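Enquirer: Spelled out from the first residue to the last, the chains are:
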Amino acid sequence: MSLFTSNQANKNKDTGMDKKIASQKDAFQAYISADRLKNSRSMCMLGAVLFVLFSTIDFFALSSSLSDVLAIRGIVIAGLMLGFVLTYQSYFDKYYDYIMSSIYLVAAVGVVVSIYLALPTDYASNIYLATLLIIIMTIFAWSYFSIRTSALLITTIISSYAFVAIQKEIPVTHMWINIAFLMGATSIGYFSQHIRNNYLLQNFLLQQSLEASVEQKTIEADQNAFIANHDELTGLPNRRHITKLLEAMLETAKNKNKVMALMFLDLNGFKQVNDIYGHAAGDEVLKIVAQRLELATRKGDQISRLGGDEFLIGLLMKEGTLTNLEKMAQKFISLISQDINIDGVKIKIGASIGVSAYPIHGNTIESLIRVADDQMYKAKHGRKEPVIRAHQPSNSVIVFPNAG
Amino acid sequence: MKSDVREYQTYLEPEMCSSARATAILGSLLCIVFLAADAYALSLPLSEMIVIRGVVVLSSLSLFFVSFAYQELFIRFYNPIIFSISLIAASSIILMIHLASPTDHAATVYFVGLIIVIMLMFAWLFMRTEVALSGVTIIISSYAYVAHINGLATTDLFVNILFLCSGAATGIFTQIFRNRHLRQNFLLTQSLKELLEVKTEEAGDYAHQANHDELTALPNRRYIIQKLEKNLQIAKQADKVLLILFIDLNGFKLINDTYGHASGDAVLVKIARRLEQTIIKGDCLSRLGGDEYLVGLMLDKGGLIEAEEIVNKFTAIVSYPMNIEGKKLKVGASIGVAAYPEHGDTVEQLVDFADKKMYQAKNGETTVESAEQLGGESNIISFPYTKNA
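So the protein sequences, as listed, match chains A and B. Taking numbering that gives the first Met the number 0, the leading residue of the first sequence gets 0, the next gets one more, and so forth. Taking numbering that gives the first Met the number 0, the leading residue of the second sequence gets 0, the next gets one more, and so forth.
Hint data in this document are derived by calculation from the structure and do not stem from the laboratory. Any given hint could turn out to be false.
With a Cα cut of at most 27 angstroms, we get these calculated DSS-like pairs of lysine-lysine [said to hold, decoys possible]: (1) B:K329 with A:K347; (2) A:K286 with B:K252; (3) A:K270 with B:K326; (4) A:K345 with B:K252; (5) A:K270 with B:K355; (6) B:K355 with A:K286; (7) A:K298 with A:K317; (8) A:K379 with B:K361; (9) B:K252 with A:K379; (10) A:K270 with B:K361; (11) B:K198 with A:K216; (12) A:K286 with A:K257; (13) A:K243 with A:K317; (14) B:K252 with A:K377; (15) A:K24 with B:K355; (16) A:K286 with A:K298; (17) B:K355 with A:K347; (18) B:K361 with B:K326; (19) B:K229 with A:K216; (20) B:K329 with A:K270; (21) B:K252 with A:K347; (22) A:K317 with A:K270; (23) A:K243 with B:K198; (24) B:K326 with A:K216; (25) B:K198 with A:K286; (26) A:K257 with A:K330.
Covered stretches of chain A, as calculated for chain B (at least 3 residues, CB under 8 angstroms) [said to hold, decoys possible]: (27) 79-86; (28) 200-213.
The structure presented is a predicted model; accordingly, all values stated were derived computationally and were not measured. We treat Cβ as the ideally placed atom computed from N, Cα and C, and that holds for glycine.
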């Protein structure tokens, strides 16, 4: 029984491996398909040009049945042109082996038939073998056929040549020598293809592994960046990060003629929570405050925890809407001041908020934060009443006292 | 740019070697096979044929040997070496065509051997295109010369040369496509490598940022907790004492409020540097945030006796006056202490305990020393270590 299960497990593992290898093979096919396409196109063009040239030879070398041979050349050239057109079809990639091997076959059979048509006195009868040799070497050097396709193709070419040679009663030794040349070209072509494919595969695998490493490192960098830029407890942007976010917001405000407000928020009574209920409860309070602030702000606003019980909020507002700030700050305070339930204990804390706005209080984030911080400090220690200092009727700055 | 070319060369080297070796072996084998064909196609004495084929086989084999034994030299003189071997192979064929009598099969057909050589020179080997091209020009023209003096009809000669040129053209295009492909591959690999480097560096930078306090560059809370976990493991295994000091500055808020944040930051950095110089390798130090620092010290078993002395030392180090922008400033410290194994056996328990003790010290519950100073005073808790440990 256990033997059976372990076999089963092995089998599963094997199929898993097979799948992995199969998917890698697919990826490799995709990797070479662009190259395959380009090569096929160039091969068709070059082949057509060479066959046009070869047909000029026919006038000297195969004058006995010139019209037939020229017709054959025409068919081969048409085949090559058709191949060129087919490379632009979407199914070319899928039927690559069939399409390209048919084209090679048409070219090779064309040559073999020309040899068949040649009289023994025609020069072509011996020499057109050279074309077959070039075709065979091109099959290997320029194509990406599977071994089965190449083998079938080459066997067909060589045996049809042999058949014609026997039909034409070429001396057997001569036939064998010619076949030896074709086989020689085949073996060289086969090995060069093998080495090339091996090399491509290695390259591909190296690139695959590099890509995987890059991906892994990118994830790692992103994760580390997140940790570096966010407060671990609340998940809000931290001081380092908020400065960058606010710089960007200030740019937007400057470019789009908007107003940007900063709220510096400091909790009241937080130290007592920490002291009485412990750090865990204090942490929980910070988390809940962060959640409430997130719920209260709009998309595009920026909230961060600066550390301790300090939060910084950046708001992008339409010109002339600064008067809403007071309402917003009050909303934040009332949200924070709602009971916080921690392990059955109701905790109430307050907040002091200091506000500053671009362009009234400065045009750098640094100066804006300083003003908001000062205002918060004044709110916390100074006046108990909300103070609205009007620089201009439409631009008011507000300092809120604690609510707790 | 130059180094890029050199790197590309290095990238190609294995391929240059393996293709040359394969050519050498395959070429030798084919020569031996064709020796059998020679017997029928050529009316020459066998010994002459053996000598001609033998020269090619020997030079191929020596190429094979050199590519292994003197690889560096082989790569350096790749072009001349491959050029001469190709010429040797081609001239052996031309020589046989020259020696063949007009009725021999070789006289008409052997020139196709030249097509194989020509295509090999381009498609398989890695000679520079201009070198290969000049080699092929030499081969075709010497073949033309030999065929001409042997009385081959002009039209037939023209046909043969056209075939040779077709072979060369196919070969050149193969080479161009192959080289372009290899080059692209190389560049892709290079750019991936560079990207990996960038990302690795980025990950490292962010990791440093994530683990360190921006102001003082000391490890931050999350990082020192990890370090303390490790040190606790060591303490447990090596039967040592892990002493944790929770340091909170006294009077720091006053400095901040009086002299501004910049001065406050400078104080924090100065304290960080002093603490760094005080600890030794294997100890750890962190700024937890605000004006809180955490120190973890490894002591030998029984080292707890020194705890009070250590605390005094750290207090003195913190309290020593400092010069910030021409102002003489002084802060104090409240230090809470916890030790493994006396006060807990997890980092969390120990830090909590030290924190509580610091708090007690700050509120004067167990003040040992107190000094009115500018900026603050120092409170140290009387250390409640247990002797029965």
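Enquirer: For which of the previously enumerated hints does the structure constitute a violation, in increasing order of number?
Expert: 1, 3, 4, 12, 15, 22, 24, 25, 27
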